[in-house]
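*Asks:* This is what each chain is made of:
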Amino acid sequence: MAGRYFGQPIRRNEDPALLTGQALFTDDVHLPGMVHVAFLRSDYAHARIRSIDVSRALERPGVIGVYTAEDLGDYWQPGPLLVPPPPVEDIIFHQRTQVPLAKGKVRHVGEPVVMVVAESRYIAEDALEDIFVDYEPLPPVVDIEKALEPDAPLVHEDLGTNLAARVVQRKGDYEAAKAKADVVISRRFYYDHGLAAAMENRGIVAHWDPKMQYMTIWDTTQAPVVIRNGLARMLGLSESQVRVIAPFIGGAFGPKIMMFYPEEVLIPWLSLKLKRPVKWIEDRRENFFATTHERYQVHYAEIALTRDGRILGVKDRFYHDTGAYDPYGLTVPINSQCTLLGPYDIPAYHSEMNVVFTNKTIVTPYRGAGRQHGVFVMERLLDIAAKELGIDRTEIRRRNFIPPDKFPYNNEVIYQDFVPLVYDSGNYEPALELAKKLIDYDRFLKEEQPRLRAEGKHVGLGIVAYVEGTGIGPYEGARVQVETTGKVNVATGVGTQGQSHFTSFAQIVAEQLDVDVRNIRVVTGDTAEFHWGTGTFASRGAVVAGNAIHAAAKKVREKVLQKASEEFGVPPEELELRNGYVYTQDGRSISLADLAVKANPLRGAVKPGTEPGLEATMYFGPERGATASGVHAMIVEVDPELMDVKIRKYVVVHDCGKVINPLVVEGQIHGGVAQGVGNSFYEEIVYNEDGQLLTASFMDYLLPTAMEVPPIEVGHVETPSPWNELGTKGAGEAGAIPTAAAFVQAVEDALADYDLEILEAPLSPNRLFELLKEAKQKKEG
Amino acid sequence: MKPPAFKYLAPTTVDEAVAYLAEYGYDAKPLAGGQSLIPTMNFRLAQPAVLVDLNRVQELSYIRPAEDGGVLIGAMTRHVQVERSDLVAQRLPLLHETVPFIAHPQIRNRGTYGGSISHADPAAELPAITVAHRGRVQLRSTRGSRWVPAEEFFLGLFTTALEPDEMVVEIALPALPPRTGWAFDEFSRRHGDFALVGVAAAVTLSAQGRVDEVRLVFMGVGDRPMTSAAAPAVLVGQEPSDEALEEAAQRAAQEDIDPFGDVHASAAFRRHLASVLAKRVLTRAVERAQAR
Amino acid sequence: MSELHTVRVTVNGTVYERQVEARMLLSDFIRHELGLTGTHVGCEHGVCGACTVLFDGEPVRSCLMFAVQADGHEIMTVEGLAPEGEMHPLQEAFHEAHALQCGFCTPGFLMTLKPFVETHPNPTDEEIRKAISGNLCRCTGYQHIIEAVKLAIKKIHHSDAA
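Residue numbers (my numbering), protein chains in the order written: chain A, 113 to 893; chain B, 6 to 297; chain C, 111 to 272.
These are calculated hints, taken from the structure and not from any lab test.
The structure displayed is predicted, hence computed values, not measured ones.
Treat the hints with care, as some may be off.
[Said to hold, decoys possible] 30 Å max Cα-Cα, derived DSS-like pairs, lysine-lysine: (1) K260/C to K549/A; (2) K761/A to K265/C; (3) K885/A to K258/A; (4) K548/A to K558/A; (5) K264/C to K761/A; (6) K387/A to K260/C; (7) K260/C to K758/A; (8) K240/C to K215/A; (9) K770/A to K549/A; (10) K323/A to K265/C; (11) K499/A to K385/A; (12) K217/A to K385/A; (13) K569/A to K240/C; (14) K770/A to K518/A.
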């Protein structure tokens, strides 16, 4: 349904405020009498707290209060389980959620232990140095496989094990499939996914107004409605007494949907107690320890194939590091488990997931949210199979693609939304063909690569496919209203962190009401405007909120036409909505503004049951998600002396169904790829054996700059989702999902003469140095 | 990440500055460009009681021709001034080639030559270049001034010959001898990062094309800039053949450096990079010397 | 509280005078003392570039300077790029090329780029990438930013050709 507005590359409504420094971010909130918080955080990965002495801190001028877990009284409670475990038979799941301030024991470096509130952040940080905590260090749990050995130290002693969860999912009979196979390949894979490192750190400002008896909270959250409801309950207030605003947010990418962070629970409590506005802004160092990560998994995976490369089955046993607590349930490992199946028709699957507690920062979804771990394993298995069987790597993928006539396609495993993973639609071969064309696959392999190799250059190509389950439930809602000013108001409960919702949501409405997108004001993330919703996650904004807005806008359109029909005495189907006016066929017209005035009469009488205004609130709850897909390809050049890898060309062919704004989707893809590039060669979370994070600054955790991210060419394939009216699928995460798999394949290809098999990501120059040394020794030895 | 409190002094002359340093001794720290000191303070890894801000000492900001054909650089000269200096481009091509490798444009707008060498980060460019150029550093205190050869200025990790009451006021960099080629290269994880390894080379050829003199200085592979003894031992008096350069690079990387390992590179990888880069800069320096 | 120092500084053409502690970072001064919150703070250790402002016309990281050091100097922040209600060609170009998503890093990019676009009528892609290599963006992948830089240069230097 590409239209005048929907599907157009419209420039963004939110830009002027952002470009001129007028957009309000959380740290921009200044209130009279505001005080500032800093946290003393654990220096140990694992230690018992013997005692805490805060007396010197209390004496420091400018310090208002110092709080430990003991000072919180009954307010001290472990956080809620945000995502319950999925309904899989024989599941093991142990819930251990984070606490506001550590009590008795610290379980990861950076866990908050003491809260200081002072007249300024400078003084609050000074006071942290006055506090003495007497720790008894305990042996830390760092390695996820060793963590399950019988004599391993325990993160949660009362549990008697570090196993947080075990989930086995099956489709078909893998052992029977294996028995029929011509080839079985098994390998151990290691995949480390870094952290989000949004440019804006987290932050909260809470303002309890004792005279109004009203709490206003600015929070860098992706889920303001859920935060409001939870905090009202914890603080003993009515939901109507709490307003949570997620203002402009400087990137989120997943970790800002995690809740409740300890700070999120503490700052409003403190404001209520002090009767003053309280601000806490996370600094970059804290962000590395206190904002959730994603991290590594180890997979023992096996694939069974026929001689001609058809997949008969896949078996996988994997270990997932969830960190010290598991408030986000199993979302990340379930995504890994399910997404591993990819765009392929796999008759038999057996996957055992083991989730492990460690003395590290909590793991929750970060852009991709475990999907890339699965994609990496599957794509690497296919690469190895292709080599072993002598089949072209794109051909083996093509042979195994789910054919277009097999949709909806049931994978029979339970996905993160608790229902069997069924792909709504897909058409994978054209995407592969387009990617091959854009990367010039045949010519590169037949002419370019041999020519460059003859010149001594090490160039290689990587090409991989993936799917992404997006746009899952439960639901979102929206209210659309034509004001008496003629402007249109749209309110929805999701938060926004750069996804261009102020524009793309307006485009959906404009398509129905035919008003200038600039005259549509979208409000996201303010519970005073809309208080139903779950949040921005799982690439679902455009699908779930988008379809709710679409439904509401359609309803308002009906109301507009109905009202105009009454005005003109003409049936609605003979009216036309154009540029903010309703026209009759005989040339009469009325503006939406005037209609809105008429729809809200101040005197006189209306028909019984009439709703005032041109307004509608609608909800959309998809039964299942929409599955996006795509192919990434790249050409790299490796300097085998310096072990440096440069990406020379990057191609993305992407299918996210119907596109609301192609400019925005392109931006999402570029940004995703940049994060994928980081995850392939630059960004790495390194913990030492003591559980200390060694890469806790931007000097050591290497975000790619403009010098590292290559130009990206984007191709589109459009397979609309049949399961929502707009036909959209999510686009937010896809760019980041398959990059490392393609990168590793390309590096292997570039170094073909070394006969390298790379089973891990990310790589680094140092790691490549080691791998090449091993390969040389193997060759010589 | 807020810095701790300190006493702030902002002298406008060198005399005033050294008087403050004499008064506060170990408690005082000169603040030059601040591009290393201030982040360290923001992390509260450094907590100086007194900062003597040199940014208002205008007499320390200059680039002047020296009578010996070299260049004199005031300690508070910013990297960007060196980068844009025609005099430096003309007389000190090795320095000119190196400055763009220092961090990013914004950092080069603030960071100073004197600050960088006083900080003495072994992975920084200017200490290595100063040594490669056989530079000299002028130190001042209320007790007077003295010149220290660069090689004797850098004593260890973040450690220099500066006494607590002294500050760097000038750097003298002699021009390279005739028939000398130069090259600098480094390998860093990202553009502008501190290098894993960097190498500067200056090779002087005789009229007959044999090697008269070699300077090969490494950064990032020891506690200070590391000058190779092996490279001159292998090359002086020899034809600069590819094999000879290879041997010089290999031996230098084996004998003359003391690399450490960290999250970005093991000691072994740094040693490997040192040999690769040494070969590359020696080759380029010889080519340039031959072209002169 | 330690000793206070007087800072008299011209920001976006307006003279401000405040009493501050010597340790107050210039970034905090601009944001919290002067209320010019368009300058953002992303790392406070000089890597991300979000806090970049023009100091006497040159881009610097305001988290790596103390406010007292700005006494007597001139600063320009994103709020000063264009008169209220208008946009600098660079801002227009960012809008047209979709060179921002969350927009948090954007003021830092704009301030880094202002002198660059004004003094580079024909930069190569490599030069543009180097010019912004001290600014991190986590949303855009930089490609649209590079396109915006070219567009801005076209507006500034080649407007008759457009």
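*Asks:* State for each hint whether it applies.
*Replies:* Hint-by-hint comparison with the structure:
no., hint, in the structure
1, K260/C to K549/A, "28 Å, holds"
2, K761/A to K265/C, "29 Å, holds"
3, K885/A to K258/A, "27 Å, holds"
4, K548/A to K558/A, "13 Å, holds"
5, K264/C to K761/A, "26 Å, holds"
6, K387/A to K260/C, "51 Å, violated"
7, K260/C to K758/A, "24 Å, holds"
8, K240/C to K215/A, "49 Å, violated"
9, K770/A to K549/A, "23 Å, holds"
10, K323/A to K265/C, "53 Å, violated"
11, K499/A to K385/A, "66 Å, violated"
12, K217/A to K385/A, "26 Å, holds"
13, K569/A to K240/C, "25 Å, holds"
14, K770/A to K518/A, "21 Å, holds"
In summary, the numbered hints that this structure violates are 6, 8, 10 and 11.
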